[in-house]
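This is what each chain is made of:
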Amino acid sequence: MLTGVHFGGEHFIFFGALLVLGSVLLGMLSTRIGAPLLLVFLGLGMLAGEDGVAQVRFNDFGVAYTFGSIALAVILFDGGLRTKRRTFELAAAPAIGLATIGVLLTAVICGAAAMLFLGFNWIGGFLVGATIASTDAAAVFLLLHQRGTEIKERVNATLEVESGLNDPMAVFLTVIGVELLSFGNRLLGWEIAAQFAVQLFGGAVIGLGGGLALVRLINRIEIAAGLYPIVAAAAALAIFGGAQLVGASGFLAVYLAGLVMGNRKHRAAIVINRFFDGLAWLCQIGMFLMLGLLVTPRFLLADLLPAIGIALVLIFVARPLAVFICLLPFRFSREEVLFISWVGLRGAVPIFLASLPVLAEIPGGFTYFNVAFVVVLTSLVVQGWTVGPAARLLKLELPQQEEASRLDFDALTGYDRDIAGYRVAPNSPALMQKFANLHLPSRVRILSVIREGVVQNRENLERLEPGDYVLCVAPPEQLHALDTLFAARKRVDARADTDEVFGEFTVSGEMQAGQLASFYSFTLNEDERALTLSELMNRRIGHRPGVGDRVSLGLIELIVREVAKGKVKMVGVELEPEDRRVTMAELKRRVQERMRARWLRRGKGRRRGD
Amino acid sequence: MEISELLAPDGVIANLKVTSKKQALRELAQRAARITGLPERAIFDTLLERERLGTTGVGHGIAIPHGKLPGLTRLHGLFARLEQPVDFDSIDEIPVDLIFVLLAPEGAGADHLKALARVSRLLRDRGICEKMRGTDNPDALFALLTEPAASNAA
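Protein chains in written order, with my numbering: chain A, 23 to 632; chain B, 2 to 155.
Bear in mind the hints are in silico, worked out from the structure with no lab data behind them. Be aware that one or more of the hints could be misleading.
Listed next, with one range per pair, are the computed distances between beta-carbon atoms [stated by the list, open to error]:
| hint | chain 1 | residue 1 | chain 2 | residue 2 | range |
| --- | --- | --- | --- | --- | --- |
| 1 | B | 136 | A | 553 | 42 to 48 angstroms |
| 2 | A | 612 | B | 138 | 42 to 48 angstroms |
| 3 | B | 140 | A | 545 | 40 to 46 angstroms |
Just so you know, even glycine gets a beta-carbon here, dropped at the ideal spot from N, CA and C.
Isolated chain B (complex conformation) (with noise of 0.2 angstroms):
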């Protein structure tokens, strides 16, 4: 699973201006919703029952906020950069500004979990966080999120 099956380059925010985690995902489900046809309102309460059962914020300043709904077809990946962290509840309590959603058809079951965990090995990458961080560019950062494999599967 690449991640450039999951992501366009529609869905990559550069320079999120939020003070919360609750606005974050509310944006992030308002243009999840315009990419994917489906109501803002069904996106984010999913978005935020997933985070109700322990929080996508996985250290380091990221956060993966994830969850399945009806009337998907495929899986959806959204990338947006803060332009300042905010306190997302994440385990080493570092505030996030690198955040990664991923939406996923009601029936999936292997394909999602597989490509959960791409995102989450990419985005393990300090190097290439680092570089996500000192760029503001949709396409430099889609650039990055998509290279192929190969160049950081370590």
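Just chain A, same shape as in the assembly (with noise of 0.2 angstroms):
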């Protein structure tokens, strides 16, 4: 047994580079089983802290504390670069809703059932559910991408646009609760709204101002390539440590930066958005295993019981009243309520806020780290494990696409067209037409076609092969349409076939509603007929469109398909559309119907599908 290691040279290298390591492996077979990845490096943390197998002790929070702003930054930048411009303009709205007022209700909520549990007082209670009160972004998107299940496109965009900008709330609330108890009662009311308003204002000028320089900067230097994404991370950093420094929201400045700078024009994009992946990667990696050698498991046994309590508590109670109330005005159905209460998942955040009481020194300090602690825990287990069967059971999922092999290459600055290649995979669309008759998008044009490393002449090819390469240049927006020219058309077994989804027939959404009126049998008024599907669908939706939104007309329901600039390009028309809303009593067969189903297969051995 390795007792007694301790923190330096050559034992944290060697050690923390195992430890590493081990995270990656061991979360490879975290996804064979469906535990959440999180959940395993949390956990792999804990087995080699004081109470595991490695018995490292680790108790400096201040460390802690340093590392974990770090990570928080770099993870909530990245998650900015890869939140599409028009994700945030769907989501915007409901989501900022959620970060604020959602992130209120439920720490009040969950502050209360504290106060119950553990006996606290209200500013005590309070200071509880504010470090729980954010969901957490990385773990979130992990959960949804690491099953492969796409989930209508709004309920999406609002959960991951909240749970980027929720944080800077939570901090803002802990903060508070802190300082209210260093401090007493001394801190005046208009104190507490003047902070709130530099947080928040100060946060989003730095972020927006400090994302445009950012882009600016790096369009203007001529560096080596690898240089670039340690200048935009430099400059992440930079900007959430200067926003904290003046006492703006530096998570919230830092998110918004990766925001303008994901969706801007700039040079090394791809450079610098692999960097920023594999960098999150550590960073997700580094902060659960620290938060993991952190705590003191042996520590946390007083506290599990009231703890359990406050952690369902807020995912029961105070998750689903906060997104039910936030999500009022919104015109969400209640499945899609239902699946944002549910993924209300708690990540690395409350923990790391949880470190705040203990560095302030607040008598019991270390009881708001355990319970936040056992919360996450809690509900990584309990709504990790879930994600993609509630999706499926309230009905919100999409069909998968079939990922396409594609290379990207940086082009050069100011020229509006990248360069992409492909690897034609086998029954791809590309593959049933001739080449010289190949359906590209407008504006592409294949610069090369290389079968068994050898570059083919095109004038004589027949036909594309599966495998060969094919190398185009293209138009940004134009590379999707190439993704299924070239990827493996959907698979047959698809659990969500596209036509139960999309329906049976697909139209034009700049098609006259009228038209499509006459052949469908549905009434419109007359000022219904003269507009574009689109319209229309805009207009009954009553919100921006997102994919999968539905809408009911006459016998048929409409379904959006594709949307480009918040029209709605693409229609799929359903003829005998089922009752999608899910009653209770609907809910429990189906419920039992799969546990049945599963405990029949496990008998048969593994097969997949249902």
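Using the supplied hints, reconstruct the complex from the two chains, each of which is provided in its own coordinate frame.
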């Protein structure tokens, strides 16, 4: 047994590296059994910790807080980089509601539970609530993507943007709670309000401004390709740290800066994105390992029962209630509200925030930490394990798009087209057409076709073959169409077949609604007949349309299939819409059915699909 | 609604030789005109008008052109198996070789939609489609298309 390993020099490097390696390898296994990846990292950290096998002692909350801040800043910046402008616009309003009022409501309700279960006064209770009030961006998206689950677009977007935006609010409430506990009630109401304003507005201004400045800087300087991501990372941390120094929210600033940068054309975009992909992973693993190390499981026991009580209140009362209230004005269906409530996953942030009371040396500070830890663990186990089935039960899944194997290259700056390489998938639509008649999206040109390492003469090429490499120049907005051309067609056995989700037929969103009405026997009033389908659906849906949104017309239903620039491009027509509202009885029946099916399957050995 | 209520044996073309979507629709309109007694031009125009709204090529090599016609007294179906697949602007861009045309009276509402859904469900059965691709015997095709719903409900 490796007793008495102290951090320092070679020990630190060797065991630290082993831990990271172990995390990745174990993580791979965990996806097989569907366990949430983050749980593995956290568990491994605990296993290495002082009550585990390696018995590493790590109790420095100050170091943990600093490293946690850096890691969070990187993760949030990366989250911003990946959030498409359209996603943000689609979900900004509901997400902002959830990220502010929602967080406050959650904190208050959980605070009441903490008063009840822990016997805290209201400030203490509120502080407990505040630490666990925000959802975790990384946890949510890792889970959704890890399962390859595609969720209705607006639901997905709301969860994504919410989790990017709600950390500042939770941080703010936690800081207020700590200040109240440290300085008593000397803190004045208007002081809190002023702080709040500086946090949010300052954070927004610094983030947006900093993001724009960073894009400019990167487009201006000529340096080695490998240095661009370093510039971006340093700038992101500077934006975070700078904002924090002047009392603004660095968490908000760094997310917004990422959002700006990810949606502007800039040099070295691919290198920077790849770099941050890796760096965010490392931060994710590092942060969970560290928090796992930081906790002393033995001490958790004392607070275990009340903490589980608070976790259950959070999952079953606070989150659903907050979501329900915040989403009231936005016309989400009941199933969507239920799903958004269920995916209120907690990740590293609560544990990180709960180290603040310890650092501030608040009496009983460790209780906050322990409670947050148990809440996160419970949330990862209960909610994390069930995201996929929940989406299926509530019928919010969209058919999965087959990933095309695409290689991106950095094109010259100032040139508005990208260069992309594809490996032609067996069974892809491109194979069904003669090479000379290949249906290429507009402004796309094929530069070269490489077969078994040999560049082909395109004049004599009859047809593409699976495994060929095709090199194209294409405007960025056409890359998606190219993906479909070269990727394998949608899996026939995909759980949610396209027909089931998008209906029998497809029509263009630019068509006149009146024309469609006569074909499918629904009635519209005079001015509705003159609208395009896109306009009609926009009007009926009542918010920006997202893929999967439905409009009922007479006996049929129209389904948003593709959106571009706020307009519905492609519309699915479902002739016999089933009742998609899920009643409680139906839900129960389906859960039982699934359990029975799983039980039976276990006897026959593993089989995919249901 | 059963396919046998829509489709008669003379509505099945086992080996249609065409080279384009338009030509396929024209041939089918011609056959439909013979069966229904309505002018070929009107049928062709109706089908074409529907294609302008968006292709009826639903993917996997299948198309279901359809429309409503004044003067029709009941639902009429036609089926064609093409000798060579033709480009139909389908969603998945796969050329089409199985076409089911459905024509409905002007006033048909729910019946039309139900029949259309029924046809779509039938042609979603990949097993049946493969069998239909494998034969150019009109009687065999008719039998495959009109098999009772129970056997292909899945």
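Quick rundown of the hints versus the structure:
no.	hint	in the structure
1	B:136 with A:553: 42 to 48 angstroms	holds (46 angstroms)
2	A:612 with B:138: 42 to 48 angstroms	holds (44 angstroms)
3	B:140 with A:545: 40 to 46 angstroms	holds (43 angstroms)
Taken one by one, the earlier hints all hold for this structure without exception.
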